[in-house]
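Please construct the entire structure, taking both the sequences and the accompanying hints into account.
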Amino acid sequence: MARIELNNIAKSYGSVEVLRDVNLTIEDGEFIVLVGPSGCGKSTLLRMIAGLEPITGGEFQVDGRRMNEVPPRDRDMAMVFQSYALYPHMDVARNMGFSLEIRKAQKEERSRKIADAARTLGLSSLTERLPRALSGGQRQRVAMGRAIVRDPSAFLFDEPLSNLDAALRVEMRLEIARLHQRLNATMIYVTHDQVEALTLADRIVVLNAGDIQQVGTPLDLYERPSNKFVAQFIGSPTMNILGIDQAENGVKLKDGTLLKVGSEQERRRAHELGVRPEHLDVVAEDAAHMKGVAELVEHLGSDTNIHANVPGVGPVLVRQHGHYPLRAGEAVNIAVDLEKSHLFGVEGQRL
Amino acid sequence: MNALRQTSPWAVAGKYLALALYVAFALFPLYWLAKIAVTPDKLIFSEGTALVPSRFTFENFQTVLLQTDFVAYFRNSLIVSLGTAAITTMIAAAAGYAFSRFDFRGKRLIIALMLITQMFPLLMIIAPIYKIVATLGLLNSLTSLIIVYTAFNIPFATFLMQSFFDGIPKDLEEAGMIDGCTRFEALRKIVLPLTLPGLGATLGFIFTAAWSELLFALMLINSNDAMTFPVGLLTFVSKFSVDWGQMMAAGVLALVPSCLFFIFIQRYLVQGLTTGAVKG
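For the protein sequence lines, the chains are S and X, in the order given. First residue of the first sequence: 1, per the numbering used here; consecutive thereafter. First residue of the second sequence: 1, per the numbering used here; consecutive thereafter.
There may be inaccurate statements among the hints.
Covered, in the sense of this in silico footprint (three residues per stretch, anywhere, with C-beta under 8 Å from a C-beta of chain S), are these stretches of chain X [what the hints assert, rightly or not]: (1) 174–182; (2) 190–201.
Only pairs whose alpha carbons sit at most 30 Å apart, straight line, appear in this in silico DSSO-like list of lysine-lysine [to be verified]: (3) K42/X / K239/X; (4) K170/X / K107/S; (5) K189/X / K104/S.
Hints were generated in silico from the structure; no laboratory data involved. Ideal Cβ positions, reconstructed from N, Cα and C, are used throughout, including at glycine.
Structural data, given as structure tokens:
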């Protein structure tokens, strides 16, 4: 159990800065997901917490104690690697119990803990196998087992599911969620997959190019993204960003349509309008804000994604719940849910 | 892929024929070595080029083992080769690990220097080496050979070991360090067992190289006590004649340790020890 604090953490390789001024407090038992596009520094941050990467600026504390210089073995954190990093010359049981072996734990205690973890993860029948004789999913479980056995103060996950196929990924995601409920341990999880982030996290940290963009609960990020980057990164399909002009009592889309959104103060700085595909609706002609042509219609069963082209405005993606009988080439009339649209300033900040 | 495309039996036959020719070509010298060794002296010249001699004898082996200094040469060679292989591999493994895992100042320079040392013909540096060894008072000692062979084999062995270390994912050591190992423990308990094939290959390579080295041994060793095997072979060449039978018998015997050594290490040479470490 641990409360983790990052104060002004920075990382640079020579003159190249990869992380700047990262401030974050992770409460005991919290599930934090670090998310961002590749190269944003999320894995580096996790490796700094693990002790695998030196911290070049700021202070890293666990339960109030400075940990910057503490070697990984004394940080009491377990890590699950993207590549699993199983020891190929050791069988499953020894892989899982290796940390106890190093710490010279009693043999009985060791085998009891291994057996417990193996049972939890459904690996009981495989304990004598070598990693090479396991499937990808099983290897993933062994990697998790190795972490569980240690009963660490924090779990670190570095994109643990990205090497699994889609179905297995969903299954393992649930398993990690269950694990967190059961152990109630502090967990820090790195991913580039926003679905994993939204489903697992108590709080999500969105990183881009070495800066924290926003920290918040999944719903926070979805409903109140602090800027255009977060707005477009969270939510699937991606939010529509439409160019606007300022007008008397609203904003004008590029085709001249007036939309009554925002306060006067907000509108004065408004540069773009963001609206999620699910907050656009296909309506009758007289209720429409935009009139366009459906260029591509994706029928997903649960939803229908309509890629429309609106003259003057550009491409717009509309998501309709359930099956919507529309074919490519047909006209489509779109209404904007003004309550749920966002105004962004010139620098991308949300107004 | 293409079920309709069948391999023609002629192509198969041709392939095997080519392989057979190659094997025959490669093994013929060895066969000839063994053949001469078991041919009685009198028949060597009279039967000349016959593939199989009309009579066999083990007299040559008997003479070599009992009446020459062969056993001493053999022992000297063994000491030199094993010593060189062990020391070189140890140093090369340490250096290779450093090159593979750490970034340090002068790394590129050292690599460049090591490459340059490999570019000179040995003949060019024999005289200076002789001078150095003589000044140190190490002429006619096996130690001098071990030092010189080690020095010359370290660059190549280091590159070899580095490539083996490069093949072991860094994640494994990091996982070990998170699991509670120091870097050295991670090296010993995780990396080392996985590097055994690499160590085996390097040992084998250096052993063979030292076992058959002639040039330096010839220059640095004059006394009969310290002669290694390749130099000893030359004693079968006298001013007026060459004792072919005995020379070949000694040659056959010289193959034995090399073969034994490779049989011993071949199980470490089996590849694929790291499969299963990372995603499959």
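> When the hints from earlier in the document are held up against this structure, which numbers fail?
Replying inline: none
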